[in-house]
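Peer 1: Here is what each chain is made of, one letter per residue.
2 protein chains.
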Amino acid sequence: MAFTFQINNDIKFKYNQDLLNKANQYRPTINYHSVNATSLGNLNKSTNSLGGYNIKKVADISELPKHSFTQDEKVILDFGDHYVGRFSMNIKKLGSPMDAPVFLKFKFAEMPVELAEDSANYRGWLSKSWIQEEYIHLDTLPTRLELPRRYSFRYLEITILGISSKWQVVFENPVVTTESSADLSKVSVPKLADSEITKIYAVGLKTLEGCMQDVFEDGPKRDQRLWLGDLRLQALANYATFKNTDLVKRCLYLFAAMPSSNGWLPADVFTKPTEIPDDTFLFDYSLFFVSILADFEKFSHEKVILNDLYDVAKKQINIALKQVSKQGELKLNDTYPVFVDWSNEFDKTTAGQAIMIYTLKQFIALARLVKDPETRFYKARLASLEEFTKQHLFDEKIGLFVSGNEREINVASQAWMVLAHVFNDQENQKLMQNTVHQLFPIKNIATPYMYHHVTQALFEANLTDEAVKLMKSYWGKMVQLGADTFWEAFNPEKPEYSPYGSSLLTSYCHAWSCTPVYLIEKYLLKNN
Amino acid sequence: MAFTFQINNDIKFKYNQDLLNKANQYRPTINYHSVNATSLGNLNKSTNSLGGYNIKKVADISELPKHSFTQDEKVILDFGDHYVGRFSMNIKKLGSPMDAPVFLKFKFAEMPVELAEDSANYRGWLSKSWIQEEYIHLDTLPTRLELPRRYSFRYLEITILGISSKWQVVFENPVVTTESSADLSKVSVPKLADSEITKIYAVGLKTLEGCMQDVFEDGPKRDQRLWLGDLRLQALANYATFKNTDLVKRCLYLFAAMPSSNGWLPADVFTKPTEIPDDTFLFDYSLFFVSILADFEKFSHEKVILNDLYDVAKKQINIALKQVSKQGELKLNDTYPVFVDWSNEFDKTTAGQAIMIYTLKQFIALARLVKDPETRFYKARLASLEEFTKQHLFDEKIGLFVSGNEREINVASQAWMVLAHVFNDQENQKLMQNTVHQLFPIKNIATPYMYHHVTQALFEANLTDEAVKLMKSYWGKMVQLGADTFWEAFNPEKPEYSPYGSSLLTSYCHAWSCTPVYLIEKYLLKNN
Numbered sequence: 231m232a233f234t235f236q237i238n239n240d241i242k243f244k245y246n247q248d249l250l251n252k253a254n255q256y257r258p259t260i261n262y263h264s265v266n267a268t269s270l271g272n273l274n275k276s277t278n279s280l281g282g283y284n285i286k287k288v289a290d291i292s293e294l295p296k297h298s299f300t301q302d303e304k305v306i307l308d309f310g311d312h313y314v315g316r317f318s319m320n321i322k323k324l325g326s327p328m329d330a331p332v333f334l335k336f337k338f339a340e341m342p343v344e345l346a347e348d349s350a351n352y353r354g355w356l357s358k359s360w361i362q363e364e365y366i367h368l369d370t371l372p373t374r375l376e377l378p379r380r381y382s383f384r385y386l387e388i389t390i391l392g393i394s395s396k397w398q399v400v401f402e403n404p405v406v407t408t409e410s411s412a413d414l415s416k417v418s419v420p421k422l423a424d425s426e427i428t429k430i431y432a433v434g435l436k437t438l439e440g441c442m443q444d445v446f447e448d449g450p451k452r453d454q455r456l457w458l459g460d461l462r463l464q465a466l467a468n469y470a471t472f473k474n475t476d477l478v479k480r481c482l483y484l485f486a487a488m489p490s491s492n493g494w495l496p497a498d499v500f501t502k503p504t505e506i507p508d509d510t511f512l513f514d515y516s517l518f519f520v521s522i523l524a525d526f527e528k529f530s531h532e533k534v535i536l537n538d539l540y541d542v543a544k545k546q547i548n549i550a551l552k553q554v555s556k557q558g559e560l561k562l563n564d565t566y567p568v569f570v571d572w573s574n575e576f577d578k579t580t581a582g583q584a585i586m587i588y589t590l591k592q593f594i595a596l597a598r599l600v601k602d603p604e605t606r607f608y609k610a611r612l613a614s615l616e617e618f619t620k621q622h623l624f625d626e627k628i629g630l631f632v633s634g635n636e637r638e639i640n641v642a643s644q645a646w647m648v649l650a651h652v653f654n655d656q657e658n659q660k661l662m663q664n665t666v667h668q669l670f671p672i673k674n675i676a677t678p679y680m681y682h683h684v685t686q687a688l689f690e691a692n693l694t695d696e697a698v699k700l701m702k703s704y705w706g707k708m709v710q711l712g713a714d715t716f717w718e719a720f721n722p723e724k725p726e727y728s729p730y731g732s733s734l735l736t737s738y739c740h741a742w743s744c745t746p747v748y749l750i751e752k753y754l755l756k757n758n
Numbered sequence: 231m232a233f234t235f236q237i238n239n240d241i242k243f244k245y246n247q248d249l250l251n252k253a254n255q256y257r258p259t260i261n262y263h264s265v266n267a268t269s270l271g272n273l274n275k276s277t278n279s280l281g282g283y284n285i286k287k288v289a290d291i292s293e294l295p296k297h298s299f300t301q302d303e304k305v306i307l308d309f310g311d312h313y314v315g316r317f318s319m320n321i322k323k324l325g326s327p328m329d330a331p332v333f334l335k336f337k338f339a340e341m342p343v344e345l346a347e348d349s350a351n352y353r354g355w356l357s358k359s360w361i362q363e364e365y366i367h368l369d370t371l372p373t374r375l376e377l378p379r380r381y382s383f384r385y386l387e388i389t390i391l392g393i394s395s396k397w398q399v400v401f402e403n404p405v406v407t408t409e410s411s412a413d414l415s416k417v418s419v420p421k422l423a424d425s426e427i428t429k430i431y432a433v434g435l436k437t438l439e440g441c442m443q444d445v446f447e448d449g450p451k452r453d454q455r456l457w458l459g460d461l462r463l464q465a466l467a468n469y470a471t472f473k474n475t476d477l478v479k480r481c482l483y484l485f486a487a488m489p490s491s492n493g494w495l496p497a498d499v500f501t502k503p504t505e506i507p508d509d510t511f512l513f514d515y516s517l518f519f520v521s522i523l524a525d526f527e528k529f530s531h532e533k534v535i536l537n538d539l540y541d542v543a544k545k546q547i548n549i550a551l552k553q554v555s556k557q558g559e560l561k562l563n564d565t566y567p568v569f570v571d572w573s574n575e576f577d578k579t580t581a582g583q584a585i586m587i588y589t590l591k592q593f594i595a596l597a598r599l600v601k602d603p604e605t606r607f608y609k610a611r612l613a614s615l616e617e618f619t620k621q622h623l624f625d626e627k628i629g630l631f632v633s634g635n636e637r638e639i640n641v642a643s644q645a646w647m648v649l650a651h652v653f654n655d656q657e658n659q660k661l662m663q664n665t666v667h668q669l670f671p672i673k674n675i676a677t678p679y680m681y682h683h684v685t686q687a688l689f690e691a692n693l694t695d696e697a698v699k700l701m702k703s704y705w706g707k708m709v710q711l712g713a714d715t716f717w718e719a720f721n722p723e724k725p726e727y728s729p730y731g732s733s734l735l736t737s738y739c740h741a742w743s744c745t746p747v748y749l750i751e752k753y754l755l756k757n758n
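So the sequences go chain by chain: D and C. So the first sequence is numbered by the numbering used here: it starts at 231 and just counts up by one. So the second sequence is numbered by the numbering used here: it starts at 231 and just counts up by one.
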């Protein structure tokens with residue numbers, strides 16, 4: 231996430247200290263590993279790489295200490311894969327005594343294209359402060375430089391911005407101390423016959439690992455925080471891989487502990503310097519609290535969590551249902567917008583209606599588990615939602631759902647209606663066949679988040695070949711363009727597209743893109 | 231100092247651990263004081279200020295926490311006077327939760343003109359790394375920012391380079407924790423009738439205080455190290471003011487402990503990360519070790535130091551005398567150059583000859599004290615040096631000393647010959663009268679170091695009014711142009727001149743400029 235802009239300074243929050251304490255009981259252990267840089271590289275034009283650049287190896291890392299650097303010289307270190315962690319390196323001098331400080335610039339990059347862009351040219355709306363560049367003066371050498379901040383990167387470009395002409399600097403033993411609450415030893419990586427799918431799985435796993443920190447972060451390079459809608463996908467991917475249920479519990483408690491005074495859950499929360507709810511609210515993100523709780527229950531069967539959090543989930547459903555008419559029609563509201571996707575170029579009414587149904591069904595399953603006497607009421611609301619959907623939102627002639635007053639046909643409506651299982655399996659398959667024929671290739675969608683839902687809808691509609699084809703053409707295409715981890719945004723029509731106008735701000739390891747590990751596990755392993 | 235460029239990588243040094251240990255026994259106590267910023271200012275064009283800029287007060291510092299800063303905003307803090315120390319400040323945020331780091335630039339300036347220059351434009355030969363700018367990312371607010379490096383400054387410009395548009399930053403309680411081994415409580419500031427001289431004394435005292443650190447530094451902003459020739463003037467100024475004799479002892483031992491294998495003392499030494507002699511050697515600077523020891527003995531009468539260091543002083547004289555012919559003529563040598571002044575636009579032969587005589591006379595006084603049986607030998611060498619000087623270097627007709635094969639007449643030769651007392655007092659007075667008439671106003675000299683020697687020569691020649699006039703027209707002019715401390719370089723003909731082509735690199739608190747405190751004490755107080 232990170233493409234929604236709300237300021238709601240006046241919102242008051244009701245902190246629940248008991249739930250906050252539980253969130254902190256599940257604070258994860260962070261695992262640290264030291265990884266050495268592997269080679270020295272040059273930035274190289276390459277038409278088959280993202281933005282037209284890759285890094286060409288010019289020497290093994292063992293050559294690094296043999297070179298001494300003078301004014302304006304640069305070196306690019308390649309760590310061989312994407313890592314999240316802290317950087318350290320020995321720096322010494324060669325030549326006359328050190329008669330001045332040395333002034334160094336460090337530019338950390340997830341993708342080579344970032345090294346081709348000058349941060350001075352960035353004029354986007356998102357804060358420049360996210361750019362992973364540091365300017366460091368060192369007064370005495372030799373030293374072990376230990377940069378205190380965490381970075382998300384594979385490449386590091388070091389530039390000598392200021393040095394005396396009487397001596398040179400030498401770099402030795404560059405190391406990233408990686409950080410993650412994911413434990414790779416818990417993962418049994420599936421053996422897959424298809425090498426492309428194998429690669430997609432591996433990159434997805436690396437993506438999720440990088441985003442698993444003190445909470446599930448949306449991206450370790452940028453935003454670095456816990457979003458509710460993203461958490462839903464991260465938790466599912468986590469059940470398929472690392473199986474760190476404590477981290478999911480922590481995140482569920484964090485959201486539950488900090489609703490607004492009217493009961494809305496914030497779309498995202500911060501955990502540093504302390505737990506703080508963001509003043510951003512999204513209709514569907516709030517509802518996904520129900521999903522995450524239901525998915526968690528299904529995976530772990532831990533009733534304590536359900537008992538603690540059922541009321542919060544129910545509150546989200548109740549708030550959302552206020553926007554649903556007696557006839558079963560969801561009315562969208564600008565002050566509590568539905569997200570569905572970054573793009574605001576399509577009508578979201580029907581997708582929102584589907585998400586309401588999707589989460590209400592999950593809620594009813596939970597209500598049954600806790601034997602909520604009001605379960606019948608929710609079933610009745612569900613029935614009217616589904617009834618309205620079938621009667622008013624489906625165009626029989628075209629065989630697709632329509633959305634909004636203009637009866638717009640878009641891919642999001644179809645995908646979410648399939649996921650909500652408003653129709654039976656046969657109808658769903660027909661619907662997705664129509665979607666493929668009439669709406670593919672997908673236009674104007676740049677998020678793996680939306681591509682995930684379309685791909686999953688194909689799987690749910692039992693169109694496995696089409697699902698795999700879409701996965702390969704989307705996530706597989708990122709791999710072809712050089713992805714070590716999956717990106718926050720990718721539009722196959724315009725691979726160089728960044729939502730912020732600069733690769734320097736784009737997160738190239740973004741949690742909501744990791745879902746192939748979940749889809750592969752759920753649909754390609756279990757079913758085969 | 232800092233305008234000489236030598237690389238002598240092949241030189242070997244003979245460390246004397248015993249003397250190094252003694253140097254470290256005299257390591258000074260550093261005094262710390264907290265000083266708050268006093269006001270907020272704007273950079274303002276002003277024809278009567280250095281480089282055409284001053285800082286105009288716009289608000290009391292109490293206004294600072296009332297303002298919140300957004301993208302690209304700047305603020306200039308004025309600390310009311312020049313300080314050397316570490317900066318700290320509280321930073322908090324106002325508005326929505328902190329959804330991004332904040333990226334700040336800190337530019338520390340001794341003089342307002344530095345704030346008018348963009349460091350990106352600096353292309354000089356001296357390392358950019360000296361520019362007092364830092365770029366800092368802060369991931370969590372509120373925080374107490376404590377910058378780890380020491381700065382020399384009065385002004386601090388803070389720029390918001392990157393911030394989210396959802397919140398703003400607020401700055402509170404900016405403090406410099408000053409550092410100096412000088413103790414102001416030891417100084418009895420003289421009551422002077424002349425307000426201009428009073429001001430010059432105060433600025434000189436502040437300059438020396440800023441340069442007294444773990445050693446006598448040449449400048450706390452730039453170079454930050456101990457130079458032998460500069461130490462001579464700092465020690466004299468210190469005897470007149472702070473009277474910290476331990477710091478002089480430390481510095482004497484440091485030089486004595488690290489001669490080259492052929493006995494030369496380095497022109498400067500480093501003390502971080504450990505004691506390191508620079509690979510730079512200057513004929514006159516080595517000889518000034520003798521001066522410093524003689525001046526110290528005269529001030530303190532501590533015989534232990536003399537006994538420990540006499541041999542090192544004698545070695546310097548012996549090495550130097552090898553360059554003196556039997557007839558008493560000093561032959562300059564490019565591999566062991568004489569400094570005299572930064573300018574290389576004048577012939578230094580006669581000034582070098584005078585420095586040889588000046589230091590040899592001081593050495594003979596020490597030789598008598600230690601009852602060196604070879605004293606007679608040195609007296610004979612002195613006699614021939616003086617004889618040669620009078621016979622060959624003085625132009626009777628013009629009434630001035632000449633220098634080099636071209637018989638060049640320059641101010642350095644006259645000043646140093648007066649300081650060396652080659653002539654009697656009456657002749658010296660005549661010589662300096664001729665100098666004033668024929669060579670004033672001084673041309674093409676930009677160092678307070680050279681101006682010091684000319685001013686002192688006027689005092690020694692009993693031309694007190696001329697000396698005071700020169701002091702006011704030089705140091706007084708710096709005060710008029712806004713000096714809180716005296717500058718490393720100042721050419722009254724071209725006030726904006728920087729030896730490095732940029733005010734950003736110029737040291738505006740430089741030890742060799744502090745000598746008015748010495749001259750005032752020696753010639754205006756004792757004689758009156």
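Keep in mind the hints are simulated off the structure, nothing from the lab. Source: prediction; values computed, not measured. Even glycine gets a Cβ: it sits at the ideal position worked out from N, Cα and C. Mixed in with the good hints there might be a few duds.
Pairwise CB distance ranges (calculated) [to be verified]:
| id | chain 1 | residue 1 | chain 2 | residue 2 | range |
| --- | --- | --- | --- | --- | --- |
| 1 | C | Ser555 | D | Lys304 | 47 to 57 Å |
| 2 | D | Thr268 | C | Thr259 | 24 to 34 Å |
| 3 | D | Gln247 | C | Asn351 | 25 to 35 Å |
| 4 | D | Gly310 | C | Ile260 | 16 to 26 Å |
| 5 | C | Arg374 | D | Thr268 | 34 to 44 Å |
| 6 | C | Thr370 | D | Thr268 | 53 to 63 Å |
| 7 | D | Asp302 | C | Arg374 | 55 to 65 Å |
| 8 | D | Gln255 | C | Thr370 | 41 to 51 Å |
Peer 1: What hints, given by number in increasing order, does this structure fail?
Peer 2: The structure conflicts with hints 2, 3, 4, 6, 7, 8, although it agrees with all the remaining ones.
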